[in-house]
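As given, the protein sequences belong to chains A and B, one line each in that order.
Under the working numbering, the very last position in the first sequence is 188; numbers go up by exactly one each time.
Under the working numbering, the very last position in the second sequence is 331; numbers go up by exactly one each time.
These are calculated hints, taken from the structure and not from any lab test.
Honestly, I wouldn't trust all of these hints.
Said to hold, decoys possible - In silico contact screen, one side only, chain B against chain A (beta carbon under 7 Å); selected entries: (1) 224; (2) 226; (3) 230; (4) 232; (5) 262; (6) 277; (7) 279; (8) 282; (9) 297; (10) 301.
These numbers come from a predicted model, not from an experiment.
A virtual CB, placed ideally from N, CA and C, is assigned to each residue, including glycine.
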Amino acid sequence: MSRKRISFRTELPLLIWLVVVWGALWRDFSPGNLVFGAMVAVVVARVFYLPPVELSGRFNVLRAIPFAIVFLGKVVAASLNVMFLAIFRGPAVTNAVVAVPLRSHSDLMVTATGHVISLIPGSLVVEVDRSTSTLYIHGLNVRNDADLAKLRREVQDTEAGLIRIMGTRAEMEALQAEGWPATRGARS
Amino acid sequence: MTPDATGMDAVIDAVTAVLLIVGALMSLGAAIGLLRFPDLMSRMHAATKPQVLGLFLVLAAIGLQMRELWVWPVLLVAWIFQLLTVPVSAHMVGRAGYRTKHLHPELLSADELEAVVLRAAGEQASAGEEPAEEKDEEAGKQP
């Protein structure tokens, strides 16, 4: 079989997550249960092979916590915003499909950005172009070019935040060269 | 549950009630959105966002009422899975909806994907490989 060997280090986050789910489902975080769960996790990860997730090797907790809090706040804002639009705008709402080029080309970063922006106000991923790492985003209540630019900036700021948490060194340097948080102009 | 002297129970009950009611209101908001929005993709907005927050509030209410430590990891895992799966399902539905043209172009103030799809279709037509019917299958995206 032409499987790429995954190093234990790359696999570790997946194994830890599986053990946490195991413990949560058994409602038992005693050492014995966790050790058995770890054995099950290793077997599952070996038998049901998945392509490895390429992590960058760095994770900034100090930036992750504020990001998570802001994210929760945005989820609340998004829900209220959608409710408001549903009740007061309804059928008259105007939308747009926007192309947003991302800086990073790593699958993990594109996926994470897509997830986060799907849950914050007014945006939903419609299509992903992996070769150019462009997200096509459906924006709710985008009436004019100003709204459009706002949406695009929001997505790119989200990506910048994620890069600062877990991007590679090269991505960080590119971000600094760009003079974050100054925003990048719209492409095309 | 035995009522205690400090009145903590009353406070927890009140907080639980608020969480449950707001959570239910969020689900109501999602339902109103599904009814009121004009096309598939704006409905997906309604189906994803208030619902995630609503579930969070209801799970928090459950956690408060159970008053057991073991329940929190289960609730947290349930919510994380919700966070991970909801955008994916919304994306798949939205993507399928766009490709099968379940949208109202007159309600879009801009559509930057259309040009890309047309260009990819044009390239394929000039290459003469694909029949015209399949042109919107390929927009240069590989899964």
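Status of the hints after comparison with the structure:
1. For the restraint placing residue 224/B at the interface with chain A, the shortest Cβ-Cβ distance is roughly 4 Å, inside the 7 Å limit, so the hint holds.
2. At about 5 Å, the closest approach between the beta carbon of residue 226/B and any beta carbon in chain A falls short of 7 Å, and the interface hint on this residue holds.
3. Hint status for residue 230/B relative to chain A: holds, with the closest Cβ pair at about 6 Å, below 7 Å.
4. With 7 Å as the threshold, the beta carbon of residue 232/B comes within range of chain A, its nearest partner Cβ sitting at about 6 Å, so the hint holds.
5. Restraint check, residue 262/B versus chain A: the minimum CB separation of about 5 Å is within 7 Å; hint holds.
6. With a cut of 7 Å, the hint placing residue 277/B at the interface with chain A is violated, because the nearest CB-to-CB distance is about 10 Å.
7. The closest approach between the C-beta of residue 279/B and any C-beta of chain A is roughly 5 Å, which is under the 7 Å cut-off, so the hint is satisfied.
8. Proximity of residue 282/B to chain A holds as hinted, the smallest CB-CB distance being about 5 Å (cut-off 7 Å).
9. Residue-level restraint check for residue 297/B holds (minimum Cβ-Cβ distance to chain A is 5 Å; threshold 7 Å).
10. Hint status for residue 301/B: holds, given a least beta-carbon distance of 5 Å to chain A, under 7 Å.
The earlier numbered hint that this structure contradicts is number 6, and it is the only one.
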